[in-house]
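Spelled out from the first residue to the last, the chains are:
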Amino acid sequence: AQSVTQPDIHITVSEGASLELRCNYSYGATPYLFWYVQSPGQGLQLLLKYFSGDTLVQGIKGFEAEFKRSQSSFNLRKPSVHWSDAAEYFCAVGGGGNKLTFGTGTQLKVEL
Amino acid sequence: ETGVTQSPTHLIKTRGQQVTLRCSSQSGHNTVSWYQQALGQGPQFIFQYYREEENGRGNFPPRFSGLQFPNYSSELNVNALELDDSALYLCASSLNGLLGKNIQYFGAGTRLSVL
Numbered sequence: 001a002q003s004v005t006q007p008d009i010h011i012t013v014s015e016g017a018s019l020e021l022r023c024n025y026s027y028g029a030t031p032y033l034f035w036y037v038q039s040p041g042q043g044l045q046l047l048l049k050y051f052s053g054d055t056l057v058q059g060i061k062g063f064e065a066e067f068k069r070s071q072s073s074f075n076l077r078k079p080s081v082h083w084s085d086a087a088e089y090f091c092a093v094g095g096g097g098n099k100l101t102f103g104t105g106t107q108l109k110v111e112l
Numbered sequence: 001e002t003g004v005t006q007s008p009t010h011l012i013k014t015r016g017q018q019v020t021l022r023c024s025s026q027s028g029h030n031t032v033s034w035y036q037q038a039l040g041q042g043p044q045f046i047f048q049y050y051r052e053e054e055n056g057r058g059n060f061p062p063r064f065s066g067l068q069f070p071n072y073s074s075e076l077n078v079n080a081l082e083l084d085d086s087a088l089y090l091c092a093s094s095l096n097g098l099l100g101k102n103i104q105y106f107g108a109g110t111r112l113s114v115l
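Going down the list, the sequences are from chains A and B.
Just so you know, our numbering puts 77 at position 77 of the first sequence, and the rest follows in order with no gaps.
Just so you know, our numbering puts 79 at position 79 of the second sequence, and the rest follows in order with no gaps.
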């Protein structure tokens, strides 16, 4: 069965500081991996995706993520956080075009 | 903006009632997936519809059912509502392509409260 673990429920960073959100997955084949962001009361916005190829993927809003097969990880990073990045971030794994399995999310707070 | 629209945005029902949620997919997409997001949790897959047929189902009871129409819009129906059905219901549309490299685009969701 596929699963996603986001070990950090809450993270607080200062504006301008770097950010790394952790994601570990379990999947029986080559995974398709995604990061989504959700603002309060809103749906999910896709930040970036990994299907194959280059293990470092770039997304919107200055985010990037690195796929590490040996560690079953797909961590999200941003060099300099902006106050508007405060939101909840979800990592998801899928394959075959069917369901996505999400982690429980990481709530990001940005201190000014 | 993803082009995926859901209605209504909020809904209040009482236990035992039935509810229908609606979703219009993004132009050009042929697949709709539904997810339930309980408070403080990640979204949980309910089912997916592709070309009007169910194409996968999560661990939800049969009182959760769906439809997809020829224009690829979709409905989620929940019968005999229970208190635990209170959640944000998210619809995602995608274009089923080669090797399943599908990207799901989400609507803003319908917030269902069951009293």
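Because the hints were derived from the structure by calculation, they are not lab data.
Beta carbons: idealized from backbone N, C-alpha and C, even for Gly.
Watch out, some of these pointers could steer you wrong.
[Said to hold, decoys possible] Once the Cα atoms are required to be at most 25 Å apart in a straight line, the calculated DSS-like pairs of lysine-lysine come out as:
#1 B:Lys101 <-> A:Lys49
#2 A:Lys68 <-> A:Lys49
#3 A:Lys49 <-> A:Lys109
#4 A:Lys109 <-> A:Lys61
#5 B:Lys13 <-> A:Lys68
#6 A:Lys61 <-> B:Lys101
#7 A:Lys61 <-> A:Lys49
[Said to hold, decoys possible] Stretches of chain A that chain B covers, calculated by requiring three or more beta carbons in the stretch to come under 8 Å of a beta carbon on chain B:
#8 58-65
#9 101-107
Taking the earlier hints as the rules, which of them does this structure contradict? 5, 8
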